[in-house]
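Colleague: Here is how the chains run, residue by residue.
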Amino acid sequence: MKTHPHTGPVVPVGVYVAVFAALLILTAMTTAAAFHDLGPMNNVVALGIAALKATLVVLFFMHVRYGTRLIPLVVAAGLFWLVILIALSLTDYLTRGWLGVPGR
Amino acid sequence: MVALPSETGIPPKVHYLNADYGIRSWLLTTDHKRIGILYLISITFFFAIGGLMAVLIRMELATPEGDLFQSDTYNRLFTMHGIMMIFFFLIPSIPAVLGNFLIPIMVGARDLAFPRLNLFSWYLFNIAGLFTIWALVHGGVDTGWTFYTPYSTRYSNTHVIATALGIFIAGFSSILTGLNFVVTIHRMRAPGLGWFRLPLFVWSLYATSLIFILGTPVLAITLLLLAAERVFGIGIFDPSLGGDPLLFQHLFWFYSHPAVYIMVLPAMGVVSEIVPAFARKKIFGYRFIAYASVALAVLGFLVWAHHMFVAGMSIYAATVFSALSMLVAVPSAVKVFNWTATLYQGSISWDTPMLYALGFIGLFTMGGLTGVMLATLGIDVHVHDTYFIIAHFHYIMVGGAIMGYLGGLHYWWPKITGKLYPRFWSRISAMVIFIGFNVTFFPQFILGYLGMPRRYHAYPPEFQVLNVMSSAGATILGVGYLIPLIYFIWSMRYGRHASSNPWGVVGLEWETTSPPPTENFETPPVVTRGPYEYSRSEEVADGR
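Protein sequence lines correspond, in order, to chains A and B. Residue numbers for the first sequence follow this note's numbering, so the first one is 281 and each next one is one higher. Residue numbers for the second sequence follow this note's numbering, so the first one is 1189 and each next one is one higher.
Only chain B is shown next, with the shape it has when bound in the complex (with noise of 0.2 Å):
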């Protein structure tokens, strides 16, 4: 991006991070800000764990020969790998992070609706993580993070009960959370906000937020089923007692499926945020991509059993449900050629946030093709249970959800902590990690392809080769997640102070300081423009 003169500036005196001292300031916080900063802290400990588990899990791949651990063992990391990465980091990651910091200084309010109710999912979800970590410590779980059934209620010798309440209370903090937000986005929009004024994160928002309350009571009841029929041999899901294991698999993916939506919808709405920034444009298409994001919600609910096609159900519910999920494709696409629309003729820079994004568009958009492909009834039989499926999905939920986290974190961060982080070694983590993530998953679609189950520690010894180059890429991306680790907890204590507006873009959280107080607004905002209006972007980039 053209340099600033106003990158940097001098801090307010008093912000929402200096109002206050102390722990218990922190502990008994109702300000979003703080929330989401103790949410950030929360899921980068669990991630940090869930990369741990990664991390073994690539060690014991580098070679054919299950030698590094046993069958038994490998069957609980990568079952607390996804378990960890998908409960306690990717749900929460952008909406509690992000979401918490952003939405009510994005709607011009105070806080949230209910901020005591927003403190209270943050101790929900830690209590959630230490039911699952006492799991883990004891013993770990071994029935892969879908828990399915009979295996989970009859015949796993693990801590199912412990791990499932975890998720079980874990999900209360997620309903809370899109409560909050759905109510904040109807009540608490500045006058002149209209619905069609809102920032496009916000909807993205909106939308998660429904799948989170339509969603996750779904699987709150059905892990409660799981228990019931594990503890007091009711028969719901094992053939032996009378129950049906279809059921579960149909009521686990109800909600586990639009779960994916809860982890990309995010993605795409700081996606939408950061590339009209970074083109020095007007965002093509707003209404599409507002619409996008509530239809991705609503279909993400109606694909569930494609999940299900060698499991035994209906051939000709199988085709219904193939076909719906190819309908997923065009909202999804609409979002991606809206954006690839925007960056068209666009004064485009090149800065951290923009690297991200672009890494989200194309990492997504072949993920989202192999999604495709994966919703054809012939190529799923083929390749289910491989390597393939492992690939397809991280490129959705790492290339996608997480490259938007941390293009959302960057573009953000200024915002969040007052502090502008080294932009030469953010760069190169962006890069590194794009890098180290194709080097990590690319091959895994052709292990795949060859016919590589997954869950398995071993494996013939021709596919060493693909699975080096796999273990070597997490390598590369192991580092590139380091770097903004260091260089963010380095800009908090030595960064240079960023002004108001260190971009020069547009948007109600650039028109406060940063760090923002703690009533965000020093008088309540009025909004008289819609979102992206870089028609005048020149006047803010040069007139302040």
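Just chain A, with the same shape it has in the complex (with noise of 0.2 Å):
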């Protein structure tokens, strides 16, 4: 792969074309699956799919993929920090019915 003294690496056309292609099948996907009732796995195919995507956009389009081994890290870094928000709000939301609401 060529790469320019100043914005990177070349990524080939092709490669391109191929993941815009791919998020297309995906979403075509998540709306394929918006017509089926996969009942508890609703969710799990919705979030799926377009965690896939997200994955495909920040890895090529984003550039990560290419990158030197700090940008991974960073993006690591604010996927940990979602961790971290979604976790500790689990906390509250998995521990909330414990302890009975008088009156209810």
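If you are wondering where the hints come from, they were derived from the structure by calculation, not from laboratory data. Don't be surprised by glycine CBs; every beta carbon is placed ideally from N, CA and C. Hints are not guaranteed to be accurate.
Claimed, not checked - Estimated spans, in silico, between C-beta atoms of each pair:
no., chain 1, residue 1, chain 2, residue 2, range
1, B, Glu1710, A, Ala367, 51 to 59 Å
2, B, Ala1350, A, Ala313, 50 to 58 Å
3, B, Arg1717, A, Leu327, 50 to 58 Å
4, B, Leu1412, A, His284, 32 to 40 Å
5, B, Val1714, A, Leu327, 35 to 43 Å
Stated by the list, open to error - Partial pick of chain A residues on the chain B-facing surface, computed with a CB cut under 8 Å:
no., residue
6, Gly358
7, Thr375
8, Arg376
9, Trp378
10, Leu379
Unchecked claim - Below, a sample of chain B positions facing chain A; criterion: calculated Cβ distance under 10 Å:
no., residue
11, His1374
12, Leu1398
13, Phe1489
14, Gly1500
15, Met1501
16, Ser1502
17, Ile1503
18, Tyr1504
Please assemble the complex out of the two chains, which come individually in their own frames, going by the hints.
Modeller: Take a look at the structure:
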């Protein structure tokens, strides 16, 4: 792969086209899944596809795959902070029912 | 401080202030120093608006009856006071003014990594401010600065969306500033300037920038969700639409608690510069203070739900958050003890920046210790939503962040403008502010403990004495803030020229001229020693 002095590696257009096509297919899959009731799997499938699409965007369109090691580290830190937000919020949601509320 | 022969000096012929003239040269500048001054002007304007709201609030509370304003008006006043002061003054204050000006100089660089992005963030900030002022002029907002749902999404008939949009845009300004600082500190340090030779001010702003980048997007998305619920009726937070109001509080405080550290960490950085400078001593425990800054930034993200103890959250989760909140006391105490240890056997001088720094240490300690009280579940339930809380966070934000900001402004003013301000009046103002602050806010601790709730325009008559004291203190505090405004403006025209190092201290910023040239240094600096080598301070003081 060629490298540009200022903008980093020059990614072949074919890669972008392939990623774009994959995103369109995954969007179609999300839409299709929305018409089928998968029960408890509804959210899992929708969020799973969304996560896959986000990963493609981050790796290829945002060039994280081609950067130095610091770049994936920064991305991982961002995701880790999201995990903090969700995990500590869940300490509330998962334990809120443990103690009865008077009158209920 | 000892009168130094080098306090005054001859200014350089060409520096960043006179390198170019005209309004265009300011509005289109990419010089980080000029952008710092643009921010200084903007935030002073917003501070004046927020301050005016505070004046009106204290006027209303001088009597027990709600006689000056209707309760609806009063709701708008305290909301706009909070929004203006937090999002448009405190959060940008030290980072955007002093950080912008000093970080490139302190790391020995010519400018920030992205100068145009820096100017763009100033424009974003002002656009955001205009949105908010538009909302203010058209009737304001009455939700409190916290925008709690479902009131803000379903019931409030005020300009919630315009204000939220203003804060949303201001958030992008914060993110860009934080990004600029992180990249600059990582990539543009001068030769020889390793991480542990960085001034602690830079460390604290690095930690602050991490919060900007990691926290602000969550606030932005939360405000968008709020707008989606209010405009389109999408049920996210409103229980009658299937939402959960506590979800809003979780998301809001995930940013807004760390925002407290956005305000106070930079002030700690300023104090870490001032204390060794005016104690003429190497700072005690450099690495511990540096790590404590990062620890505060990280721990600040783990404690948010202590704002929600009485909101109906799980008592088990509350216990976890209570314990985590107390952990914050550890790095805070590390800093306070290390500053105190630096003072020990130092050659202390009582110059204006030092007065502010010492004020900070005392007031921050009081704010911090009452914070530990509030992290305790039992006490929090008792004093929640009372004036005890108001007093506590004003000790952190006014007694801490503003004292730090003013201390920093006084310390670096000769560098920024090349002019000296009157020593006598500056010392007087520091003392007036300290006294005015305590007379304003100490009675509020007692009021809160006795049970006076926050956010009401009327109160039982037995609380009047303490409220009158508080309002009187606010008047003193207001005078204290006006004095520096007057002599700073005076000094720009009539002040004596400052030498390149008027305090006789060490640091890269003191090795360039006052004011610095546009490119900061005539020759790119090479760093050969740590930041607080005061064993050589005598040479610095006497030799130049």
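Colleague: Determine for every hint whether it applies to the structure shown.
Modeller: Now for the hints, and whether the structure bears them out:
no.: 1; hint: B:Glu1710 to A:Ala367: 51 to 59 Å; verdict: holds, 52 Å
no.: 2; hint: B:Ala1350 to A:Ala313: 50 to 58 Å; verdict: violated, 38 Å
no.: 3; hint: B:Arg1717 to A:Leu327: 50 to 58 Å; verdict: holds, 53 Å
no.: 4; hint: B:Leu1412 to A:His284: 32 to 40 Å; verdict: holds, 35 Å
no.: 5; hint: B:Val1714 to A:Leu327: 35 to 43 Å; verdict: violated, 52 Å
no.: 6; hint: Gly358; verdict: holds, 7 Å
no.: 7; hint: Thr375; verdict: holds, 4 Å
no.: 8; hint: Arg376; verdict: holds, 4 Å
no.: 9; hint: Trp378; verdict: holds, 6 Å
no.: 10; hint: Leu379; verdict: holds, 6 Å
no.: 11; hint: His1374; verdict: holds, 8 Å
no.: 12; hint: Leu1398; verdict: holds, 8 Å
no.: 13; hint: Phe1489; verdict: holds, 6 Å
no.: 14; hint: Gly1500; verdict: holds, 8 Å
no.: 15; hint: Met1501; verdict: holds, 5 Å
no.: 16; hint: Ser1502; verdict: holds, 4 Å
no.: 17; hint: Ile1503; verdict: holds, 6 Å
no.: 18; hint: Tyr1504; verdict: holds, 4 Å
Taken one by one, the earlier hints fail for this structure at numbers 2 and 5, listed in ascending order.
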